[in-house]
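K.L.:
Letter by letter, the chains look like this.
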Amino acid sequence: MARRIILGLLLVLCVLSAVFVAFAWRTAIAPVEPPARSTFDTALIARGASLAAIGDCVSCHTAPEGKPYAGGFPLHTQFGTIYGTNITPDAETGIGRWTLPAFRRAMHEGVDREGRHLYPAFPYDHFTNVSDDDLQALYAFLMTREPVRAETPPNDLTFPLNFRMLIAGWKLLYLESTGFRPDPAQSGDWNRGAYLVRGLGHCGACHTPRNALGAEKLDLDLGGGEAEGWHAPALNAATTAPIPWTADALLRYLRRGADETHDTAIGPMAAVVNNLSAVPESEVRSIATYIASVMGPADEQRQKRASQIVAKARGANEASGSVSEVQRQDAKKSDLAPQSNGAAIYAGSCAVCHVALERPAGSASGNALHLGLSTTLSLPTPVNLIRVILQGIAPADGERGPIMPGYAGAFTDAQVGALVSYLRATYTDRPEWTDVDRQVRKARQSFAEAPE
Amino acid sequence: MNLDINGKTFQIDADPTTPLLYILRDQLQLNGAKFGCGLGQCGACTVIVDKQPVFSCITPVSALQGRKIRTIEGLGTLENPGPVQRAFIEEQAAQCGYCIPGMMMRAQALLEQNPAPSKSDIRRYMNANLCRCGTHMRILRAVERAAAFVKDGGKGGTAG
Amino acid sequence: MSAAPGSLTRREFLTRGGALIVSFSLAPRILAASPQEAQNIGKEPVKEPALPGSLSKAPLLDSWIRIDADGTITVFTGKAELGQGIKTALIQVAAEELVVEPRSINLVTADTGRTPNEGYTAGSQSMQDSATAIMHAAAQVRAILVALASQRLNLPAEQLTVHLGVIRGNDGRSITYGQLVTGETLHVRANPQSPLRDPKTRGVIGKSMQRVDIPAKVTGRAIYVQDLRLPDMVHARVVRPPSYGARLISIDSARVQKVPGLLRIVRNGSYIAVVAEREYQAIQAMRALAQGAKWEERATLPQPADLYNYFQKLPTQDYIDLGGAADIALGPGSITSTYRRPYQMHGSIGPSCAVGLSKDGIVTIWSHTQGVYPLRDALAELLKAPPDRVRVIHMEGSGCYGHNGADDAGADAALIATAFPGRPVRVQWMREDEHAWEPYGSVMVSTARARLDGSNITEWQYEVWSNTHNNRPAPAGQLSPAWAIEPPFTPSAPKPAPLPAGGGNRNALPIYKFPNARVVHHFVPGMPLRVSALRALGAYHNVFSIESFIDELAAAARADPIDFRLRHLDDARARDVISTAAERFGWSQYRRQRGRGRGFAFARYKNYAAYCAVVLEVEVDRESGSIRPLRVVAAIDSGEAVNPDGMRNQTEGGIIQSLSWSLYEAVTFDTTRITSRDWSTYPIMRFSNVPETIDVHVITRPGMPFLGTGEAAQGPTAAALANAVADATGVRIRELPFTRSRVKAAVGL
Ligand code: FES
Ligand code: FES
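Going down the list, the sequences are from chains A, B and C. The opening position of the first sequence corresponds to residue 1416 in the working numbering, with each subsequent residue numbered one higher. The opening position of the second sequence corresponds to residue 6 in the working numbering, with each subsequent residue numbered one higher. The opening position of the third sequence corresponds to residue 55 in the working numbering, with each subsequent residue numbered one higher.
Hints are not guaranteed to be accurate.
Claimed, not checked - PhoX-like, lysine-lysine: derived pairs with alpha carbons at most 20 Å apart:
1. K348(C) - K1727(A)
2. K56(B) - K13(B)
3. K73(B) - K124(B)
4. K549(C) - K1482(A)
5. K567(C) - K367(C)
6. K312(C) - K367(C)
Simulated from the structure, these hints should not be mistaken for laboratory data.
With the rest of the complex left out, here is chain A (with noise of 0.2 Å):
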């Protein structure tokens, strides 16, 4: 009787895997000489490139000093490192050989010419979302980007999840291909940029919290994520910004990559807005209008909090002469001792740049922000907090940008604490982060696997 039980039910193992895999079974699509430049349309080309600039391709399909778009940038996942392969033409190691339609399906189902499964580490899940029309433009400004010969390293990954039969039955859970659907009642401006971000920017990739198999809480969408060790702010309700986010906000951020009364993009972000620059506005403008949208008004009380946020950043006097004077009151809320005290800190090494929404004449310098009016200070985690301050911002090459140096050398750990500690308490409302110890321990462990 067990016996039949168990032969019973390997029988229905069997034929369920004998299903999914008939489910996960993917044909090839047939190889063709790469197209020659000529066959696409110039205007078609360009427009790839603002797409491309708004998917941010470059990133994760780029090498840390590689050529762009050959591949073999490392993404660190909690399950191991996928790499990023190369979406240049070349015939060999490229996508050269690849239709429209396989780069098509690439995009909407997460299957390669070959017929393999990609690992959701490829936002397919948001790529669905991207029009015919648009995936035309992006394969003609792929197809026509210089060739490059370069083999995508072998992902490195725990098994069983290096089967890759696997992410059928990821996808089966969580791929929704139904494309993005407009909403009548809003703007054209607003559809457009919901378009983007639900689509080829997949913000949400980031921007909204993952679940144990790795993908997006539904239920918290865009309410803040996860991105290379570094936190994603909140896009929705949830924001903690001091200053609360408008669209002209936005859109300054974005295509700036600061906006003086918000932030500076750091971490992954710097990226996406270094790409963004490139885009025509009127799409990121859209991405602004959708964005804040989804924020959704500030109430009374935070405009109120933040017009007294404002008003204090612009007067503020901390690196003048009283200096000395601010750090002995401070001191006093701290108990910590002398040498790892936050504020004797802030005062000697960050308020000569981060000194006051408007820079005092003739002795301006840094051009850094008021640290009162970072959403950096108000997240729910010090993780990016401490990782800017160990790591800075380094200066890219002959760009203007800005400059932060460091302090992974100059202070001890528990001197970042300390400086975390105070910064969160003097210029926030919000409630002390009490693991800052710990985050500060494994940032910097981060960066010692691996350095600069």
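Assemble the complex: chain A is given as a structure, and chains B and C with the ligands must be docked to it using the hints.
P.N.:
For chains B and C with the ligands alone, coordinates are given in the frame of chain A:
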């Protein structure tokens, strides 16, 4: 407040927020570290704290008690220059020389962490420091030469 | 020079014991450069025809060389060490002609109390002016010493040999320089002719010598004016106006008074500064003062997006530098191109600094100025004091590359020291002071037109629009602190510098031979942003333009760019430099890899000085628009090479600096303020993007005049870059700098 600089202990009296650079230059008369920007953007003020290169212009002394601070004055003297100094002299790696002490301290920190850096390791590590005279090629060569000196026990080279 | 040079006053110097030669005579005032002459910097100095180099300005031998009884040799130069290595080269020249060891020479540089007046250290003129003078003075001094020895030893001069400061007779007797010198021996006028040593027997000149200043710099000795620490010294900082012409309405002194260590708030019109015991206290006081200061500002700057348009519409003074009054009719098949460069800054790594002391009716200023005498005259005017009450002593600063904030900092020190007399006052600029207030290199626009007949250029017309490239002091109105005080000084009207050196038209004349050529200089007196001399002046832009255009013409003629140049060039030294650079690069064997390209350019600096050719290879990333310089080969001929390694060092530096200007740099502003205020808003080249290799080949011409090296590479490098980018991408970019976005826009998808 006590500071440990080049192996000596100095008693200093200063506002705890004072960046180390001003204590070095103004109170202790150590000229090596230079003021370039005061913003942590150029590296002219680089010193070593424990094992790491640090911008002394934005590091308050209160954060440095009990830690080991080193400046170029600790690398050697005019009469008896250390390996990094010898390497910079032999490669003639200076024009105005203003950026050079900061370069040498960063190079020293690199060589202590990685005694055999590749050319690209050196470039990447030195990137935080600016030189306006365009002495870069010689600085890179000097760091390589210093690595060679360090490798043969600091005996190589001839004193300038 | 281990003691601070200022610790010895001129009087002490004159009465220092032990010297047999006590007479010390500065050049007669009548021969000193007048402020007007000083304005003509860059121009070949007007010389009394007979005397070589700066001997024409200071013809007494003891202005240049002094020998003490103990054999100590002191050489004086009115030029300043700016990081270019001039001290080493001058010591080599003196050692060569005096036949002594270089290390036995003590060199004293620019000091109005001690050295001859050689105007500015600028325009790559120091070798021409000072080395020439020292070489001749040294040869003449040696001849005098040999004549003396011949008397003493009673042997004819032909039977004497000179070696390492000892004169030996063929009978074995010998006598040292120190034993020979007496009284007024050297207080004699130089002769037009000097018994120079045979270039074939050179012992020191032409051999690479380690720079004398480097060991002290790498060991932290007090070298720079920034390091000068006089007994009882105090620190000052200035709160500069937020924009040009801003007027101070009020300050909040109560706020500043609270800062510990504050000694004085200095206010004079819109000029405000603080003095404190310690440096960091001065900074804190400055910040407090800045915080409470209220200013009235005016929007006087052009719309940044419209800069070139605006600039070309400003009134001009037009000069025809070559050709006739009328435009050349170019006829069909002609080519026209327009080139632009933005405002660019010196951006010294160390902000300007000076120390001032007002005591006993004398104001002494230690400064890294390029011209101690002209600055002294300007400060005397500023302080309404006679020039002999002001002494300016040069000390090194961070490399300057032209007229940066050094002189202004000297004015700060003078103003603050006189307001706080008795103690030495050290004032250093903050980073943002230097970025926002230094005088920039002028924006420039040029248009080149030419017609080809087969592979020959038959007609050539070149026009260039530029501000002045020289707003140096004196007069006092050229010092920015003088604009803020009450009553204010105003800058003098700008004047174009005459050719052959020129300013905005420096190197505007083609060096190539064209049957029909015309060159027009549109001098623009209006200066919305403060400008003055930046390394190479107009030559940077003109060589960029002309050498880009030559490549465009070569392409139109389907000719190799180097062959094409040689076809239009008959100067043998020029041809030598060109072929050396081309061969060392491997021009004829070059195989282009995808995304890469090579570019060539050449110029003779100022059309009469050093020859320099640059070849470089770049890689252009089409996606990002970023340019990576890979490999640079240069050849330079600046006459007889005194210190070849020093020349290579300067040329490598010039190449990297020009790459940085040409790839990245443009001063930004809004209609009121300069917005390039630090390295994040004015990025320059870092290690990550310097070329993999730079090879500089020095061609030496023994016995030929010194031509100077420092500025020769700036123009050729910019043009070689433009030509390499064109070769790599097929697209010609004519506007500097070659930023990523500009390249990306030009190269397209
Ligand atoms: S002076 Fe410290 S980094 Fe520039
Ligand atoms: S040598 Fe002058 S700044 Fe580097």
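K.L.:
Can the restraint linking K73(B) and K124(B) be considered satisfied, given a maximum Cα separation of 20 Å?
P.N.:
The given pair, whose Cα atoms are some 29 Å apart, is violated under the 20 Å limit.
K.L.:
Can you confirm whether the C-alpha distance between K56(B) and K13(B) stays at or below 20 Å?
P.N.:
holds (17 Å)
K.L.:
Take the C-alpha atoms of K312(C) and K367(C), compute the straight-line distance between them, and say whether it is at most 20 Å.
P.N.:
violated (51 Å)
K.L.:
Are K348(C) and K1727(A) close enough, with their CA atoms no more than 20 Å apart?
P.N.:
holds (18 Å)
K.L.:
Are K567(C) and K367(C) close enough, with their CA atoms no more than 20 Å apart?
P.N.:
violated (32 Å)
K.L.:
Between K549(C) and K1482(A), is the straight-line Cα distance small enough, at 20 Å or below?
P.N.:
Distance ~50 Å between K549(C) and K1482(A) Cα, so the pair is violated.
The structure fails hints 3, 4, 5 and 6 (numbered hints given earlier, in ascending order).
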